[in-house]
Amino acid sequence: QKEVEQNSGPLSVPEGAIASLNCTYSDRGSQSFFWYRQYSGKSPELIMFIYSNGDKEDGRFTAQLNKASQYVSLLIRDSQPSDSATYLCAAENQAGTALIFGKGTTLSVSS
Amino acid sequence: DTGVSQDPRHKITKRGQNVTFRCDPISEHNRLYWYRQTLGQGPEFLTYFQNEAQLEKSRLLSDRFSAERPKGSFSTLEIQRTEQGDSAMYLCASRDQLDSPLHFGNGTRLTVT
Chain A
1 QKEVEQNSGP
11 LSVPEGAIAS
21 LNCTYSDRGS
31 QSFFWYRQYS
41 GKSPELIMFI
51 YSNGDKEDGR
61 FTAQLNKASQ
71 YVSLLIRDSQ
81 PSDSATYLCA
91 AENQAGTALI
101 FGKGTTLSVS
111 S
Chain B
112 DTGVSQDPRH
122 KITKRGQNVT
132 FRCDPISEHN
142 RLYWYRQTLG
152 QGPEFLTYFQ
162 NEAQLEKSRL
172 LSDRFSAERP
182 KGSFSTLEIQ
192 RTEQGDSAMY
202 LCASRDQLDS
212 PLHFGNGTRL
222 TVT
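Protein sequence lines correspond, in order, to chains A and B. Here the first sequence stands for residues 1 to 111, where the numbers follow our numbering. Here the second sequence stands for residues 112 to 224, where the numbers follow our numbering.
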């Protein structure tokens with residue numbers, strides 16, 4: 001059973017700080033990785049995706065991928081109270097037929 | 112792009128009844144997915160369609176669950192003889208090509224009493 005592991009948290013950071021969210025995956029064949037944000041009672045919404053080793057930046061968000069270590073991370077700079085949500089990490093399975101999700105990390109940003 | 116649409120938004124049913132949910136994907140997306148999510152868990156993959164063909168189905172999926180996508184457009188998910196453990200949010204998602212992000216609908220929340 002291929003898995004994606006995340007620390008469930010909660011991760012608490014003050015407003016303006018950097019939040020660091022981490023994820024590991026077991027399927028060495030995974031090539032595509034995604035971060036989704038989910039507010040309570042709502043469906044997941046895409047934040048970023050990353051395919052290549054290294055960093056990818058989009059505004060306040062930076063995704064990092066290390067395929068050798070099977071590790072994906074998401075950095076949120078200048079965290080805002082509106083960033084408080086659950087962050088889901090997902091990896092595409094080797095067959096390319098599904099995204100496998102972690103359980104999510106709950107982030108709480110205090111003002 | 113009107114987004115992925117799911118109907119109904121909420122469904123309350125008694126144990127043993129059958130329920131059916133509908134999903135309309137983004138029109139140009141030929142790949143459609145069903146997921147189930149319970150409180151505190153990430154979305155759990157149920158099944159995947161490419162056009163009208165069901166190409167993958169989770170081994171965890173009970174045979175009480177069946178999904179169809181008869182014309183390669185909308186899809187239905189049916190649960191027969193519902194059980195309390197079926198209570199969850201059922202999410203539909205679509206995309207146009209492999210490796211691209213999934214676009215999720217608002218989900219159908221099922222409560223089995």
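No wet-lab data here; the hints were simulated from the structure. Do not rely on the hints blindly, as some may be mistaken.
As the list claims (entries may be wrong) - 30 Å max Cα-Cα, derived DSS-like pairs, lysine-lysine: (1) A/2 x A/56; (2) A/2 x A/103; (3) B/182 x A/103; (4) A/103 x B/168; (5) A/42 x A/56; (6) B/182 x B/122; (7) B/125 x A/67; (8) A/2 x B/168; (9) A/67 x B/122; (10) A/2 x A/67; (11) A/2 x B/125; (12) A/2 x A/42; (13) A/56 x A/103; (14) B/182 x A/67; (15) A/67 x A/56; (16) B/122 x A/42; (17) B/168 x B/182; (18) A/103 x A/42; (19) B/168 x B/125; (20) B/125 x A/103; (21) B/168 x B/122; (22) A/67 x A/103.
As the list claims (entries may be wrong) - Chain B side only, calculated, beta carbon under 7 Å to chain A, not exhaustive: (23) 150; (24) 154; (25) 159; (26) 163; (27) 164; (28) 165; (29) 171; (30) 176; (31) 196; (32) 199; (33) 209; (34) 210; (35) 215; (36) 217.
We put the beta carbon where it would ideally sit given N, CA and C, even for glycine.
Now the hints, each set against the structure:
1. A/2 x A/56: Given that 30 Å is the threshold and the Cα spacing comes to 25 Å, the pair holds.
2. A/2 x A/103: holds, 13 Å
3. B/182 x A/103: violated, 33 Å
4. A/103 x B/168: holds, 20 Å
5. A/42 x A/56: Roughly 26 Å separates the two Cα atoms, so the pair holds.
6. B/182 x B/122: Satisfied, since the Cα-Cα distance of roughly 25 Å is no more than 30 Å.
7. B/125 x A/67: Given pair residue 125 of chain B, residue 67 of chain A is violated - Cα atoms ~47 Å apart, limit 30 Å.
8. A/2 x B/168: holds, 15 Å
9. A/67 x B/122: violated, 41 Å
10. A/2 x A/67: Status holds; Cα separation ~15 Å.
11. A/2 x B/125: Distance of about 34 Å is beyond 30 Å: violated.
12. A/2 x A/42: Holds, at about 26 Å.
13. A/56 x A/103: Status holds; Cα separation ~23 Å.
14. B/182 x A/67: violated, 39 Å
15. A/67 x A/56: holds, 14 Å
16. B/122 x A/42: holds, 16 Å
17. B/168 x B/182: Status holds; Cα separation ~19 Å.
18. A/103 x A/42: holds, 15 Å
19. B/168 x B/125: Satisfied, since the Cα-Cα distance of roughly 26 Å is no more than 30 Å.
20. B/125 x A/103: Holds, at about 28 Å.
21. B/168 x B/122: OK: residue 168 of chain B and residue 122 of chain B at ~23 Å, within 30 Å.
22. A/67 x A/103: Answer holds: residue 67 of chain A to residue 103 of chain A is near 20 Å, not above 30 Å.
23. 150: Status violated, d = 10 Å.
24. 154: Given a least distance of 5 Å, the restraint on residue 154 of chain B holds.
25. 159: holds, 5 Å
26. 163: Nearest chain A Cβ about 16 Å off; hint violated.
27. 164: violated, 11 Å
28. 165: Not OK, violated: residue 165 of chain B not within 7 Å of chain A, min 11 Å.
29. 171: violated, 9 Å
30. 176: violated, 16 Å
31. 196: This hint is violated: residue 196 of chain B lies away from chain A, its Cβ roughly 18 Å from the closest one there, beyond 7 Å.
32. 199: violated, 13 Å
33. 209: holds, 4 Å
34. 210: holds, 4 Å
35. 215: holds, 4 Å
36. 217: holds, 5 Å
In terms of the numbered hints stated before, the structure departs from hints 3, 7, 9, 11, 14, 23, 26, 27, 28, 29, 30, 31 and 32, listed from lowest to highest.
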